[in-house]
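Chemist: Protein sequence lines correspond, in order, to chains A and B. Under the UniProt record's numbering, the first sequence has 171 at position 171, and the numbering climbs by one with no breaks. Under the UniProt record's numbering, the second sequence has 207 at position 207, and the numbering climbs by one with no breaks.
I should point out that these hints are in silico values taken from the structure, not numbers from a laboratory. Heads up, some of the hints might be wrong.
Simulated crosslink set (DMTMM-like; lysine to aspartate or glutamate; CA at most 20 Å straight-line) [claimed, not checked]:
id: 1; chain 1: B; residue 1: 225; chain 2: A; residue 2: 236
id: 2; chain 1: A; residue 1: 239; chain 2: B; residue 2: 228
id: 3; chain 1: A; residue 1: 82; chain 2: B; residue 2: 206
id: 4; chain 1: A; residue 1: 228; chain 2: B; residue 2: 16
id: 5; chain 1: A; residue 1: 239; chain 2: B; residue 2: 229
id: 6; chain 1: B; residue 1: 170; chain 2: A; residue 2: 165
Examples of chain A residues lying across from chain B (beta carbon under 8 Å, computed) [stated by the list, open to error]:
id: 7; residue: 40
id: 8; residue: 65
id: 9; residue: 66
id: 10; residue: 68
id: 11; residue: 74
id: 12; residue: 79
id: 13; residue: 82
id: 14; residue: 160
id: 15; residue: 174
id: 16; residue: 176
id: 17; residue: 178
id: 18; residue: 239
id: 19; residue: 241
id: 20; residue: 302
Note that CB positions come from ideal geometry on N, CA and C, so glycine has one too.
Chain residues, written in single-letter form:
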Amino acid sequence: MDKFRMVFQFLQSNQESFMNGICGIMALASAQIYSAFDFNCPCLPGYNAAYSAGILLAPPLVLFLLGLVLNNNVSMLAEEWKRPPGRRAKDPAVLRYMFCSMAQRALIAPVVWVAVTLLDGKCFLCAFCTAVPVTVLGNSSLAPSLTPPELARLLARVPCPEIYDGDWLLAREVAVRYLRCISQALGWSFVLLTTLLAFVVRSVRPCFTQAAFLKSKYWSHYIDIERKLFDETCTEHAKAFAKVCIQQFFEAMNHDLELGHTHGALAMAPASSADPATTDGAKEEREKLRGITDQGAMNRLLTSWHKCKPPLKLGQEEPLMGNGWPGGGPRLPRKEVATYFSKV
Amino acid sequence: MDKFRMLFQHFQSSSESVMNGVCLVLAVVTVKLYSSFDFNCPCLARYNTLYGLGLLFTPPLVLFLCGLLANRQSVVMVEEWRRPAGHRRKDPGIIRYMCSSVLQRALAAPLLWILLALLDGKCFVCAFSSSVDPEKFLDFANMTPSQVQLFLAKVPCKEDELVRDSPARKAVSRYLRCLSQAIGWSITLLLIVAAFLARCLRPCFDQTVFLQRRYWSNYMDLEQKLFDETCCEHARDFAHRCKVEKAVEAALVGKRTVETHQQIDSHECR
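Put together the whole structure using the sequences plus the hints.
Modeler: Okay, here's the thing in structure tokens:
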């Protein structure tokens, strides 16, 4: 269990590690789906090639797009690309890095599918059975007796053992072996090429712009972590907001009942006029609100988070307009604080 | 146990995570259900289509409704829709956001069933075997139309005497399965492309409004949960206090009764 927890935490530590995990799972799933999928060659002259091409190309596209969809970085990339610069400049190198890393991970499952398909051979057999050289492999003397459409119809049934009726012209086993051998050769070449490419890219990359690469990697991790922390902080804030709201509702109801009012739901007593609860728990909840205590302020906060992201420079002396995280540093000048937090 | 607790905590971290967890569970249930279901085509002319299409669309409908039922946010959304405005304004954008997120998650399991059924092919073969054009296959040249129809209706049943070991049955079955798989993969591709475009292009439209709606819909969900918890705690305290007060009252009543009896006794004895 401990081992599992460690692995889980490691994979969750940032989006890249998480995506590595997802990538591995999808590669396994790709192989599993292929073995569970019942390949069903139509054995009709026009349909064989279309079916095989479809099975070779459509699932890899689906797996590639699925790999991108499951990656939260896609929407993060789009957000980062479309946001107004605000107080934080946009760095195209970071965007390029994010896109490359996403695309690389998403390509693994399709490559596994194509490799497994070629190594298995059924797809290739189905697609090219009509192109087998009958004159070389079969009874070349009998070949001219058939018109091309009849020959095509006969050869199209090679992948289907139970309906093949052309043993007099070309033994089915011979054609199957021939095509499977070519398919496997292609499959291994494909695997070799992709592995070689991956190796070259990985080894040669440090020779080019290593400093810029490190910078892009750092800032792309930073953007990912910042977004996650912002979402968590918003959830905490929402929880605290709800708790305080409900407490105030109960107190206001109690207050009104004591005064003899009996009609239904009452407004929350404004914070300035009512006495806030003095228990420690209530104080803690209020602190979590960090001063954002109404819908308008929260909406403005969320708007400026997108439109005007804070600069990447901590410990500012001038007030940070629009993102509203007070405290935790030197006190802001009183005038600005009053203007920002005023409910007028 | 530790593993489950960790997974549980991860999924409970926000209402969106909870919904994703429910969606995943339903997807796994769908796959299990499909693989354990014993498909049984009737192989009779008019019933084939009914059975095949019924099995293709009825379980997805059931799974869709289950997806809506299992999702707490659907109840929260309906409550928010129907409540009187009161002191808090209603925002139709938030209701639309909640509706779309509930629907997206509820649609995952039904679509998975339909895709599995199409990629497997049995439903499609059963439903459309009688509608195949016999001209495509040379094996039917020597049969009368009624014989052809009878034959085609029995194609989904491999073990039936009429069609056992018949190359014509295998050819028709292959053709229909291949068509079914092609449709299945095309639908999968379309759905994935749509999901990808939706995910990529969303930040291009109204990102700030989206952030606000996401925050407030999460807020509503949390508020509802916290209100229920607060009411529960309150009810528990209330009941506890009632019990204690009743016990105190009973003790007082008992004491007064004893005193009264003592007074009566002393009065009689006078």
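Chemist: All hints, please: hold or fail.
Modeler: How the hints compare with the structure:
no.: 1; hint: B:225 with A:236; in the structure: 14 Å, holds
no.: 2; hint: A:239 with B:228; in the structure: 14 Å, holds
no.: 3; hint: A:82 with B:206; in the structure: 10 Å, holds
no.: 4; hint: A:228 with B:16; in the structure: 14 Å, holds
no.: 5; hint: A:239 with B:229; in the structure: 13 Å, holds
no.: 6; hint: B:170 with A:165; in the structure: 14 Å, holds
no.: 7; hint: 40; in the structure: 5 Å, holds
no.: 8; hint: 65; in the structure: 4 Å, holds
no.: 9; hint: 66; in the structure: 6 Å, holds
no.: 10; hint: 68; in the structure: 6 Å, holds
no.: 11; hint: 74; in the structure: 6 Å, holds
no.: 12; hint: 79; in the structure: 4 Å, holds
no.: 13; hint: 82; in the structure: 5 Å, holds
no.: 14; hint: 160; in the structure: 7 Å, holds
no.: 15; hint: 174; in the structure: 22 Å, violated
no.: 16; hint: 176; in the structure: 17 Å, violated
no.: 17; hint: 178; in the structure: 23 Å, violated
no.: 18; hint: 239; in the structure: 5 Å, holds
no.: 19; hint: 241; in the structure: 7 Å, holds
no.: 20; hint: 302; in the structure: 4 Å, holds
Hint check: violations occur at hints 15, 16, 17; the rest are consistent with the structure.
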